[in-house]
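Visitor: Residue-level listing of the chains:
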Amino acid sequence: EDKVVQSPLSLVVHEGDTVTLNCSYEVTNFRSLLWYKQEKKAPTFLFMLTSSGIEKKSGRLSSILDKKELFSILNITATQTGDSAVYLCAVNPGTASKLTFGTGTRLQVTL
Amino acid sequence: NAGVTQTPKFRVLKTGQSMTLLCAQDMNHEYMYWYRQDPGMGLRLIHYSVGEGTTAKGEVPDGYNVSRLKKQNFLLGLESAAPSQTSVYFCASRGGLTYGYTFGSGTRLTVV
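Listed in order, the protein sequences are those of chains P and X.
So the first sequence is numbered by the numbering used here: it starts at 1 and just counts up by one.
So the second sequence is numbered by the numbering used here: it starts at 1 and just counts up by one.
Don't take every hint at face value.
[As the list claims (entries may be wrong)] Here are the simulated DSS-like cross-link-like pairs (lysine-lysine), alpha carbons at most 25 Å apart as the crow flies:
1. K71(X) with K40(P)
2. K71(X) with K14(X)
3. K57(P) with K37(P)
4. K41(P) with K9(X)
5. K67(P) with K40(P)
6. K98(P) with K56(P)
7. K41(P) with K98(P)
8. K9(X) with K37(P)
9. K57(X) with K70(X)
10. K67(P) with K98(P)
11. K41(P) with K67(P)
12. K57(P) with K40(P)
13. K68(P) with K57(P)
14. K40(P) with K9(X)
15. K3(P) with K98(P)
16. K70(X) with K98(P)
17. K37(P) with K98(P)
18. K67(P) with K56(P)
19. K57(X) with K3(P)
20. K71(X) with K98(P)
21. K68(P) with K56(P)
22. K67(P) with K3(P)
23. K98(P) with K40(P)
24. K98(P) with K14(X)
[To be verified] Cβ-Cβ distance ranges computed for the label pairs, FRET-style:
25. K68(P) with K14(X): 48 to 54 Å
26. M27(X) with K41(P): 17 to 23 Å
27. N73(X) with E39(P): 36 to 42 Å
Honestly, the hints are just simulated from the structure, not real lab data.
We treat Cβ as the ideally placed atom computed from N, Cα and C, and that holds for glycine.
I would like the entire structure built from these sequences, with the hints used as guidance.
Guide: This is the structure in structure tokens:
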């Protein structure tokens with residue numbers, strides 16, 4: 001059974017802090033790993049990672065994948081209150097693109 | 001550009017009632033999915049479709065049926081609703097293997 005585990009489950013930081021969110025996975029086949037941000041409604045796409053060691057970056061957010069150790073991290077630098085959300089990690093095992101999601105990390109950024 | 005549209009956004013059902021959730025996408029995507037999201041459980045796949053006229057079971061298919069008669073629409077049916085089906089339901093679509101999912105805004109269903 002495919003499995004995605006995220007840590008920590010929740011996190012409270014002060015505005016300006018840097019945070020690292022973790023995602024480890026066990027899947028029978030691996031095609032890609034995806035990160036999503038979920039505020040009040042639908043998850044919104046952040047990154048898709050397919051190759052080890054190549055950092056994807058978008059503004060203050062960045063992510064990297066380690067296929068040997070089966071994990072990914074999502075970094076957010078200089079956090080802002082607008083970064084408060086649940087961050088979801090998902091793995092695509094390549095079969096009909098059925099994503100397996102972790103339970104998410106709830107990030108709260110306070111002033 | 002509407003993307004993925006789900007209707008209705010909210011619904012309250014009595015146990016035993018039936019209903020259909022509609023998902024429509026205007027991006028000509030082949031793949032469509034229905035997920036449910038429960039506290040502490042993450043998103044779990046109910047059913048999915050890899051193209052018009054095809055459907056397949058996901059992780060938690062019991063109590064649900066689906067149909068994909070047209071490429072742009074994916075319907076999720078509950079024949080006899082149960083309180084365990086109280087959840088937020090998300091539809092998603094994907095154009096190809098190199099793209100992330102696009103999600104609808106969700107349907108909050110309560111079964112009493």
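Visitor: Taking the hints in turn, state whether each one holds.
Guide: Evaluation of the provided hints:
1. K71(X) with K40(P): 28 Å, violated
2. K71(X) with K14(X): 31 Å, violated
3. K57(P) with K37(P): With Cα atoms ~15 Å apart, K57(P) and K37(P) stay inside 25 Å; holds.
4. K41(P) with K9(X): 11 Å, holds
5. K67(P) with K40(P): Answer violated: K67(P) to K40(P) is near 31 Å, above 25 Å.
6. K98(P) with K56(P): Holds - the C-alpha atoms of K56(P) and K98(P) are around 22 Å apart, at most 25 Å.
7. K41(P) with K98(P): 21 Å, holds
8. K9(X) with K37(P): 20 Å, holds
9. K57(X) with K70(X): 18 Å, holds
10. K67(P) with K98(P): 19 Å, holds
11. K41(P) with K67(P): 31 Å, violated
12. K57(P) with K40(P): Measuring from Cα to Cα gives roughly 24 Å; hence the hint holds.
13. K68(P) with K57(P): 21 Å, holds
14. K40(P) with K9(X): At roughly 13 Å apart (the allowed maximum being 25 Å), K9(X) and K40(P) satisfy the hint.
15. K3(P) with K98(P): 13 Å, holds
16. K70(X) with K98(P): Answer holds: K70(X) to K98(P) is near 20 Å, not above 25 Å.
17. K37(P) with K98(P): Holds, because 18 Å separates the two Cα atoms, which is no more than 25 Å.
18. K67(P) with K56(P): Between K67(P) and K56(P) the Cα gap is close to 15 Å, so the pair holds against 25 Å.
19. K57(X) with K3(P): 18 Å, holds
20. K71(X) with K98(P): 18 Å, holds
21. K68(P) with K56(P): 18 Å, holds
22. K67(P) with K3(P): 15 Å, holds
23. K98(P) with K40(P): 23 Å, holds
24. K98(P) with K14(X): 31 Å, violated
25. K68(P) with K14(X): 48 to 54 Å: 52 Å, holds
26. M27(X) with K41(P): 17 to 23 Å: Given about 18 Å between the Cβ atoms, the range holds.
27. N73(X) with E39(P): 36 to 42 Å: 27 Å Cβ-Cβ, so the 36 to 42 Å window is violated.
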